[in-house]
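Peer 1: Sequence:
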Amino acid sequence: MTSKTQNQHIRIGELNRLKVVRDTDFGLYLQAEDFEEVLLPNIYVMEDEMPMEALVDVFVYTDSEDRPVATTKMPYAKLGEYGYFTVVDYKSYGAFVNWGLPKDLFVPLSQQKEYFNIGKKYILRICLDEQTGRLYGTQKIGQYFNRSMKGMHQNKELEVLVIAKTPLGYKVVADNQYEGMLFDNEIFEEIGVGDRKKAYIKTVRKDGKLDLSLQPIGKKAKVDEGEQKVMELLEAHSGELPFTYKSDAEEIQKVFGMSKKNFKRTLTALLEQNRIILTDKSIVQEKKGE
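Just so you know, our numbering puts 282 at position 282 of the sequence shown, and the rest follows in order with no gaps.
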């Protein structure tokens, strides 16, 4: 809960490290280096971990009266991040979505590309109104994508959020800033809007977008990852799996998350390393010392 570095300023919508400076009936007051203070209500106070002068990690947002307030709970997404949120209320001026905090996140009518329905989920970006200090969600995310490809290269690993299904595959946001695409013919696992995945850059495009893959690029990289997956599954299933070179491609995809071609390469590599034995009906983990 504590940290060595105190925030210079309180930042709404972000994780802050602030010093405990006052104890009141309502909770603890936390302070940044510039002496600005924010209340951490009693419900979040853990006395043993929050003595005077301690540095505490908190998320800061605004309450129903637009006053900054701190919480030890983390929202599903912070300022500048994207998430998949459920609508819990709808008014003539906008919608409210559950983002993991007691006060729901407001999505103004002007920030909706379609009328929201209660109970339905939408991909949104968390934004800050600089004039009011209020956080809000927007469905109009295209303007926020980073088109600078500096530092992007083939096989770089990125965290992605699946944001839409298209005729070619799935559109994603990578590392909360880049627009990317996963293509249907290269997906070997269940996937849907709102899923968070680890992906690898396949192509850095001239239009400032990324073509991505859920598997590492290149024969060796795919086999290396495949080896790890097969061995992990063998460990989890008492050292034996009912698969061979002749197993059905759909079953291989479902269990191992790879194409039959990559599966066969992986088995061959593991056989050459004497890490598995292949019978007529199964893969068996080679036991050391046997």
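Simulated from the structure, these hints should not be mistaken for laboratory data. In this text, all values refer to a predicted model and were calculated from it rather than measured experimentally. Glycine included, C-beta positions come from ideal geometry on N, C-alpha and C. A couple of the hints might just be wrong.
[As the list claims (entries may be wrong)] The calculated SDA-like cross-link candidates involving lysine to any residue, where the alpha carbons are at most 25 Å apart (straight line), are: (1) 113 to 169; (2) 246 to 209; (3) 254 to 239; (4) 220 to 164; (5) 121 to 131; (6) 261 to 242; (7) 156 to 138; (8) 209 to 123; (9) 202 to 238; (10) 197 to 129; (11) 91 to 152; (12) 261 to 278; (13) 113 to 164; (14) 165 to 80; (15) 197 to 152.
[As the list claims (entries may be wrong)] Across the chosen pairs, the derived CB separations fall in these ranges: (16) 242 to 287: 14 to 24 Å; (17) 166 to 287: 27 to 37 Å; (18) 103 to 37: 13 to 23 Å; (19) 25 to 224: 55 to 65 Å; (20) 159 to 139: 18 to 28 Å; (21) 43 to 4: 46 to 56 Å; (22) 277 to 194: 17 to 27 Å; (23) 89 to 186: 13 to 23 Å.
Peer 1: So, for every hint listed, does it hold in this structure?
Peer 2: The hints, checked one at a time:
no., hint, in the structure
1, 113 to 169, "holds, 22 Å"
2, 246 to 209, "violated, 38 Å"
3, 254 to 239, "holds, 19 Å"
4, 220 to 164, "violated, 31 Å"
5, 121 to 131, "violated, 28 Å"
6, 261 to 242, "holds, 18 Å"
7, 156 to 138, "violated, 28 Å"
8, 209 to 123, "holds, 19 Å"
9, 202 to 238, "violated, 35 Å"
10, 197 to 129, "violated, 30 Å"
11, 91 to 152, "violated, 42 Å"
12, 261 to 278, "holds, 17 Å"
13, 113 to 164, "holds, 14 Å"
14, 165 to 80, "holds, 22 Å"
15, 197 to 152, "holds, 18 Å"
16, 242 to 287: 14 to 24 Å, "holds, 19 Å"
17, 166 to 287: 27 to 37 Å, "violated, 47 Å"
18, 103 to 37: 13 to 23 Å, "holds, 20 Å"
19, 25 to 224: 55 to 65 Å, "holds, 59 Å"
20, 159 to 139: 18 to 28 Å, "holds, 21 Å"
21, 43 to 4: 46 to 56 Å, "violated, 27 Å"
22, 277 to 194: 17 to 27 Å, "violated, 41 Å"
23, 89 to 186: 13 to 23 Å, "violated, 40 Å"
Violated hints, in rising order: 2, 4, 5, 7, 9, 10, 11, 17, 21, 22, 23; the structure is consistent with all others.
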